[in-house]
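Throw the hints in and build the complete structure from the sequences for me.
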Amino acid sequence: NEETVYSVYEFIYSYRNSINSPFPDLTSQESIDALNMIRRIKEEVSSDDEFVADGYSTIMKLVAGNAIFLKYIIFPEAFINPAYKMTILPGRKEGISTSMISGTNIGINGNIPEKNKEAALIAYKYLTSKELQKKYLLQQTVVTGIWSLYEDEDICKNGTSGNCELFKNLQMVGKPNKNSNEDYYIVNFKKYCFDFIYGNDTAKEVLKKIDDMTKIYYISMKTKDSYIGLITVIIISIIITCMLISLIFIFRENFNPFFDYLSIDLWILLVIGSILLLSSIFTKYGMVTSFKCNLLSGFFFTGLTFTYIPFLYKLIVNFQGDSSFSEWVEKHKTVFFTILIFIEVLLSGLLFLKGISVEDIIQIEGLNFKVCNINHTVSKLVFGILIAYIFIMIFTILIYIFMEWNLEKSTYNIKFILSVIYIDILAFIILLIIDSVKIENYINHFVLRASIIIIISISNYGLQYGFRLLVGFAKKKNMKILFIKYINNEFINNESTNNEVLKENQFNNMSYATVTYNNDNNENDNNNTIKNNNGNNNNDNNKTFVSTGKESSSTMKSHRVSRRVSIISKMIDYHYDT
Numbered sequence: 002n003e004e005t006v007y008s009v010y011e012f013i014y015s016y017r018n019s020i021n022s023p024f025p026d027l028t029s030q031e032s033i034d035a036l037n038m039i040r041r042i043k044e045e046v047s048s049d050d051e052f053v054a055d056g057y058s059t060i061m062k063l064v065a066g067n068a069i070f071l072k073y074i075i076f077p078e079a080f081i082n083p084a085y086k087m088t089i090l091p092g093r094k095e096g097i098s099t100s101m102i103s104g105t106n107i108g109i110n111g112n113i114p115e116k117n118k119e120a121a122l123i124a125y126k127y128l129t130s131k132e133l134q135k136k137y138l139l140q141q142t143v144v145t146g147i148w149s150l151y152e153d154e155d156i157c158k159n160g161t162s163g164n165c166e167l168f169k170n171l172q173m174v175g176k177p178n179k180n181s182n183e184d185y186y187i188v189n190f191k192k193y194c195f196d197f198i199y200g201n202d203t204a205k206e207v208l209k210k211i212d213d214m215t216k217i218y219y220i221s222m223k224t225k226d227s228y229i230g231l232i233t234v235i236i237i238s239i240i241i242t243c244m245l246i247s248l249i250f251i252f253r254e255n256f257n258p259f260f261d262y263l264s265i266d267l268w269i270l271l272v273i274g275s276i277l278l279l280s281s282i283f284t285k286y287g288m289v290t291s292f293k294c295n296l297l298s299g300f301f302f303t304g305l306t307f308t309y310i311p312f313l314y315k316l317i318v319n320f321q322g323d324s325s326f327s328e329w330v331e332k333h334k335t336v337f338f339t340i341l342i343f344i345e346v347l348l349s350g351l352l353f354l355k356g357i358s359v360e361d362i363i364q365i366e367g368l369n370f371k372v373c374n375i376n377h378t379v380s381k382l383v384f385g386i387l388i389a390y391i392f393i394m395i396f397t398i399l400i401y402i403f404m405e406w407n408l409e410k411s412t413y414n415i416k417f418i419l420s421v422i423y424i425d426i427l428a429f430i431i432l433l434i435i436d437s438v439k440i441e442n443y444i445n446h447f448v449l450r451a452s453i454i455i456i457i458s459i460s461n462y463g464l465q466y467g468f469r470l471l472v473g474f475a476k477k478k479n480m481k482i483l484f485i486k487y488i489n490n491e492f493i494n495n496e497s498t499n500n501e502v503l504k505e506n507q508f509n510n511m512s513y514a515t516v517t518y519n520n521d522n523n524e525n526d527n528n529n530t531i532k533n534n535n536g537n538n539n540n541d542n543n544k545t546f547v548s549t550g551k552e553s554s555s556t557m558k559s560h561r562v563s564r565r566v567s568i569i570s571k572m573i574d575y576h577y578d579t
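The opening residue of the sequence shown carries number 2 in the working numbering; numbering runs sequentially from there.
Calculated from the structure, these hints are not laboratory results. Where a beta carbon is used, it is the ideal one built from N, C-alpha and C, also for glycine. Some hints could be false.
Derived EDC-like pairs (lysine to aspartate or glutamate); straight-line CA-CA distance at most 20 Å [to be verified]:
| hint | residue 1 | residue 2 |
| --- | --- | --- |
| 1 | 216 | 184 |
| 2 | 439 | 361 |
| 3 | 439 | 366 |
| 4 | 192 | 49 |
| 5 | 381 | 361 |
| 6 | 169 | 155 |
| 7 | 126 | 95 |
Pair by pair, the computed Cβ-Cβ distance ranges are [claimed, not checked]:
| hint | residue 1 | residue 2 | range |
| --- | --- | --- | --- |
| 8 | 26 | 400 | 28 to 38 Å |
| 9 | 131 | 363 | 34 to 44 Å |
| 10 | 132 | 199 | 47 to 57 Å |
| 11 | 146 | 84 | 23 to 33 Å |
| 12 | 176 | 137 | 50 to 60 Å |
| 13 | 146 | 224 | 52 to 62 Å |
| 14 | 381 | 91 | 55 to 65 Å |
| 15 | 205 | 91 | 16 to 26 Å |
| 16 | 468 | 264 | 41 to 51 Å |
| 17 | 452 | 115 | 51 to 61 Å |
As structure tokens, then:
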């Protein structure tokens, strides 16, 4: 029964290092020494029969007086043989003792009517009053928790209850209440203890099993339970540091040609997004709480948003079709960014207000741990909208990639963006599969999710930013010298071109002068020629004007027709035209 649990806890408490020391950890050396002493007592002083004896057997010995030492609860004096004297339990060191306390809890139901609450409160005050406690203490039916009563002369002169010095010197330890399923805890606690006392299990092994029944495991940088937490922190810290340092190169002239696809602010946004994704893993350290779960979601989705915004912006701006939206985005870059980020922050904020709950994963002879879980209907709805928002961004990026696939000036950049999107989609699918599978080990639960997040972050960073650094280091040249050479070459080419043009113009002018002034007798003919030329020019101009009007008219008709064409057809046409 539960007295087995109390006895073991009581014995462990007697092995603490000092009077003021807290209850030793179940896996500590003090607890191991205490359990070993219990087995030693059984083997050297007591017997197997005594260790399995129930409470009834002890009471009979208290009455009969045929035992040297007995350990039991405080009992009324009338039932105890006068040969016995009650004293505090001994401890490992002199001055250290132990005594388990337990009793009956009294509470008031909060759902009863107000008038009943008032009546219950009156009864509660009466039961806990000093007068009633004194009455029952004198009758030796209770051991009161009102310590001032042990200074009362009437009580201190009264038999067992009058042993005031003993009560005042008790070093009490509370009843263990570490598991919501108390029956399960008591049954297994007793089983593990018997495996040690009567079996071959060591004290360390048994105490580890007992501790695992109530202990909640979590990822930590401490290496007591696992090295995985420390190793992961080191890896992530190194990656984040490298990402931050790599931002220096976008400001160096030698690397400018390799980062001309995006502006500096977009590159910074992309790198920050990758860092936020990695930082979300840090929220998995320590005891899992609702706040950390919400923080994890916020870091993760904000990181994705920051990563996708540069892609989306550049693809929209590069779109060469007739699109007023592309023009608006290019002119209102900050507004476009603000809108996208605001939507994500708003959804994450709503999710934070409703909260992501925490679920306990209780293992039978395993390691208990906690996980984030969305139980509230509103939270599920907001989380679903948040995921849909991310996939809308991905889908939009894919549409623009399809339309601009054959765009020669950005073909390689588009292929790298597509690779990032493919990896992210695959990673999301794996995350969904992992969430649908019940993982019963907290380390595996952490490693799988952390690995996926690291893959997403590194792929987003590496395929867009990191590879440009590698190319830059491989083909790095002094851009100032190249620029000066380029200017010199252009200057020389322009000089020769200008000289040829100047000579040609001079020749043409000379010919025109000869035609105009060579023969005075043909002045009229020349005038007629000039007039005819002017007339022809006017006619040509008129023809040009009319032709332009026809082209405009046909263009307007084609626009009207194009409006009737489906959006998908336009996308396909644009895909093959570029």
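Structure-based check of each hint:
1. Between residue 216 and residue 184, the direct Cα distance comes to roughly 17 Å. Compliance with the 20 Å bound is thereby established for this hinted pair.
2. The straight-line distance between the Cα atoms of residue 439 and residue 361 is roughly 13 Å, inside the 20 Å bound, and the hint therefore holds.
3. Restraint check for residue 439 and residue 366: satisfied, since their Cα atoms lie roughly 16 Å apart, inside the 20 Å limit.
4. At most 20 Å may separate the alpha-carbon atoms for a hinted pair to count; residue 192 and residue 49 meet this at roughly 15 Å.
5. Proximity of residue 381 to residue 361 is assessed by CA-CA distance (about 19 Å); at most 20 Å being required, the pair is judged to hold.
6. Of the supplied pair hints, the one linking residue 169 and residue 155 holds, its CA atoms being roughly 16 Å apart against a limit of 20 Å.
7. For the given pair, residue 126 sits about 40 Å from residue 95 by alpha-carbon distance, which is inconsistent with the 20 Å threshold.
8. Take residue 26 and residue 400: their Cβ atoms lie about 59 Å apart, and the range 28 to 38 Å is violated.
9. The given range of 34 to 44 Å is respected by residue 131 and residue 363, whose C-beta atoms sit roughly 43 Å from each other.
10. As the Cβ distance of residue 132 to residue 199 is approximately 49 Å, the hint placing it in 47 to 57 Å holds.
11. A hinted range of 23 to 33 Å holds for the C-beta pair residue 146 and residue 84, which are about 30 Å apart.
12. Distance hint check for residue 176 and residue 137: the Cβ-Cβ separation is about 21 Å, which falls outside the suggested range of 50 to 60 Å.
13. The supplied range of 52 to 62 Å is broken by residue 146 and residue 224, whose beta-carbon atoms lie about 42 Å from each other.
14. In this structure, residue 381 and residue 91 meet the distance hint of 55 to 65 Å, their C-beta atoms being roughly 58 Å apart.
15. Checked against the hint of 16 to 26 Å, the C-beta distance between residue 205 and residue 91 comes to roughly 24 Å, which is consistent with it.
16. Residue 468 and residue 264 have their C-beta atoms about 19 Å apart, which leaves the hinted 41 to 51 Å range violated.
17. The supplied range of 51 to 61 Å is met by residue 452 and residue 115, whose beta-carbon atoms lie about 56 Å from each other.
The structure shown violates the earlier hints numbered 7, 8, 12, 13, 16.
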